[in-house]
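Enquirer: Read top to bottom, the protein sequences are chains A and B.
All residue numbers for the first sequence refer to numbering that gives the first Met the number 0, where the first residue is 0 and numbers rise by one.
All residue numbers for the second sequence refer to numbering that gives the first Met the number 0, where the first residue is 0 and numbers rise by one.
Hints in this document: simulated from the structure, not taken from any laboratory.
Hints may contain errors.
[Claimed, not checked] Distance condition first, Cα-Cα at most 27 Å in a straight line; then the derived DSSO-like pairs of lysine-lysine:
1. 256/B to 390/A
2. 155/B to 154/A
3. 130/B to 155/B
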Amino acid sequence: MQNREILPPPMLRIGPLRWLKDNLFSTRYNALLTFLAVVFLYLTLHPTLEWVLWHARWDAIPANLKLFLVGIYPMKDVWRVWVCVYWILLLLGLSGGLWGRLAREAALIVGSGAILLLLLPFSWMERLWILGAVLGLFGGLSIGWLLRERKSWRKDVIILWALSPLIVVLFLGGLPNNPLLSPVGTNQWGGLMLTFMLAIVGIASSFPLGVLLALGRQSSLPVIRWISILYIEVVRGVPLITVIFMTSIMLPLFLPAQVRVDQALRAMVAFALFTSAYIAENVRGGLQAVPRGQIEAAKAVGLSGMLTTFFIVLPQALRVVIPANVGQFISLFKDTALVFVASLLDLFGMAKSILANPDWLGRDREVLLFIAFVYWLFTYFLSRMSRRLEKALGVGER
Amino acid sequence: MANARRPSAPLDRMDCVETRMSDPIIVAEDVHKWFGNFHVLRGVHLTVSRGEVLVICGPSGSGKSTFIRIINRLEEHQRGRIAVDGIELTNDLRNIEAIRREIGMVFQQFNLFPHLTVFENITLAPIWARKVKRSDAEKQALELLERVGIPEQAQKYPGQLSGGQQQRVAIARALAMQPKIMLFDEPTSALDPEMIKEVLDVMGELAASGMTMIVITHEMGFAREVADRIAFFDEGRIVEAAAPVDFFTAPEHERTKLFLSQILHH
Chain A
0 MQNREILPPP MLRIGPLRWL KDNLFSTRYN ALLTFLAVVF LYLTLHPTLE
50 WVLWHARWDA IPANLKLFLV GIYPMKDVWR VWVCVYWILL LLGLSGGLWG
100 RLAREAALIV GSGAILLLLL PFSWMERLWI LGAVLGLFGG LSIGWLLRER
150 KSWRKDVIIL WALSPLIVVL FLGGLPNNPL LSPVGTNQWG GLMLTFMLAI
200 VGIASSFPLG VLLALGRQSS LPVIRWISIL YIEVVRGVPL ITVIFMTSIM
250 LPLFLPAQVR VDQALRAMVA FALFTSAYIA ENVRGGLQAV PRGQIEAAKA
300 VGLSGMLTTF FIVLPQALRV VIPANVGQFI SLFKDTALVF VASLLDLFGM
350 AKSILANPDW LGRDREVLLF IAFVYWLFTY FLSRMSRRLE KALGVGER
Chain B
0 MANARRPSAP LDRMDCVETR MSDPIIVAED VHKWFGNFHV LRGVHLTVSR
50 GEVLVICGPS GSGKSTFIRI INRLEEHQRG RIAVDGIELT NDLRNIEAIR
100 REIGMVFQQF NLFPHLTVFE NITLAPIWAR KVKRSDAEKQ ALELLERVGI
150 PEQAQKYPGQ LSGGQQQRVA IARALAMQPK IMLFDEPTSA LDPEMIKEVL
200 DVMGELAASG MTMIVITHEM GFAREVADRI AFFDEGRIVE AAAPVDFFTA
250 PEHERTKLFL SQILHH
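Between the sequences and the hints, there should be enough to build the whole structure, so can you do that?
Expert: Structure (structure tokens):
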């Protein structure tokens with residue numbers, strides 16, 4: 000009773016020696032484990048770093064950078080890719096300025112990544128392009144920041160995002176009989192650009208499809224339920240590579256001869272179909288996690304079944320399954336490497352074909368390590384963003 | 000089945016209470032309900048008049064909660080008939096939605112929508128189910144929050160409110176649909192003792208405004224002051240229904256006496 004004033008928590012001061020003792024040498028076993036870990040790290044890291052820094056011949060990477068990034072896209076048209084990159088970065092910057100911390104962090108990470116690129120040994124021309132991208136991103140960021148109080152801008156930026164696919168397809172694919180934007184077939188798209196296109200289209204179309212399938216699986220109409228279950232179970236029972244084979248090689252056999260579906264588009268369809276089944280199962284878990292009381296409350300205030308699903312059930316269900324779905328998208332991003340079976344040259348396919356070139360004989364380790372690093376960079380970015388999204392949406396808090 | 004049809008004094012009594020208040024808004028006749036093999040409701044007869052406040056009490060498992068959930072069709076009855084404001088409860092979807100628009104419901108666990116703000120919780124159904132203009136719905140939401148005494152919490156999320164505040168938001172949300180009847184399913188049972196009163200006060204004010212209410216509660220003080228009639232449920236039936244004075248001072252049935260002695264003198 001005598002202690003009525005509010006006390007600050009006791010100060011904790013931990014010096015480096017104390018930290019070492021607490022965390023690494025607290026018991027004999029821990030001391031032993033620490034010692035073994037150090038030995039293990041030395042034995043593995045030392046030769047690896049030595050190879051990476053001194054023995055590896057990295058010359059294959061800068062020499063083929065254009066192939067890694069855009070494949071055999073015509074050199075004279077590469078500016079069109081840059082236009083698309085600028086467009087996206089500008090929008091990312093604007094969103095980062097207008098919206099809260101999540102979009103801003105994404106913009107800042109991408110921006111600092113671009114600045115780091117400037118330090119790498121690119122030609123001056125390429126550096127100029129990258130510099131333009133950095134300026135576009137941070138320009139967008141500052142404009143968005145200045146306009147953040149005007150909420151109507153958010154709607155405009157969302158519309159611009161929605162227009163992006165159109166702009167990207169227009170610039171990359173070109174128009175028939177247009178001297179400026181001459182048509183470039185998707186068979187000439189490649190490298191990281193193709194990887195991105197496959198992944199983004201795959202993610203953007205598998206997600207709504209997966210949600211619909213999950214709802215279909217819960218439907219009270221038996222026919223819809225059975226079709227959904229059949230679809231999900233069949234697709235989940237089949238390896239992805241067979242689905243890609245099916246859409247790229249067998250699909251044309253079933254279609255009339257005049258109908259020619261683009262090779263890259265066929266691969267995108269395969270990814271969307273395949274991933275949607277997994278998304279559906281994730282979302283089903285989320286749907287089941289929404290308490291019954293929520294649905295009853297929605298009914299009791301007079302919402303119809305459709306409105307209940309849209310306003311009450313889905314927002315809560317999707318929030319819970321963000322981590323699982325992002326995991327699914329990350330594996331889709333990496334699985335795009337499988338399109339080499341459809342003779343598309345994405346980042347991995349490009350690496351394979353560069354290695355097949357006699358000029359670059361014996362650079363397998365360097366080239367594969369490089370593309371592995373590129374894949375890791377983007378998947379790590381994705382998973383970090385998903386963790387931020389979970390926090391922002393308060394997953395696990397009711 | 001002879002059991003279910005037992006002609007009983009409580010029914011007569013009820014009829015006699017009813018004659019004092021005419022104009023029935025809910026009529027239930029011989030309502031039965033089974034959960035699997037378990038016979039939850041075994042012939043419930045009840046008439047509620049417009050503007051009446053009916054308190055339902057009884058031991059847990061007696062079917063009182065199931066009964067009021069049947070009234071707005073969160074459960075289906077399997078025998079007998081129920082009519083709400085002249086609309087028969089059938090499987091017809093339009094009837095169900097029409098009846099749900101007439102009835103507001105407040106749950107023991109509040110069941111607020113955790114991903115929406117207090118304000119959005121209240122305006123969602125009027126805007127989308129009753130097609131009220133957004134500005135009108137928002138104006139009404141403010142008035143309702145004023146009425147339940149928490150206008151300053153409008154922009155918060157349910158998780159940021161105390162239990163008592165959440166339950167008052169739930170009442171406001173139900174009232175936003177401008178129902179003719181309000182159902183309360185143990186509205187204070189999940190609350191800390193110090194928050195019970197703030198919710199009961201709102202309910203008392205609502206009763207005074209002339210709302211027809213069916214309240215399942217064990218708050219006997221509230222029943223004594225606010226109720227027009229108290230119905231005692233046991234084993235899927237209404238054993239006894241009477242005005243509070245008679246119910247507390249001269250219960251007729253042994254079961255009612257036992258129940259009252261247990262909850263009043265512990």
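Enquirer: So, for every hint listed, does it hold in this structure?
Expert: Going down the list of hints, with the structure as the test:
For the suggested pair residue 256/B and residue 390/A, the alpha carbons sit about 54 Å apart, so the restraint of at most 27 Å is broken. For the hint pairing residue 155/B with residue 154/A, the CA-to-CA distance comes to about 24 Å; that is within 27 Å, so the pair holds. Pair hint residue 130/B plus residue 155/B holds up; C-alpha atoms about 24 Å apart against a cutoff of 27 Å.
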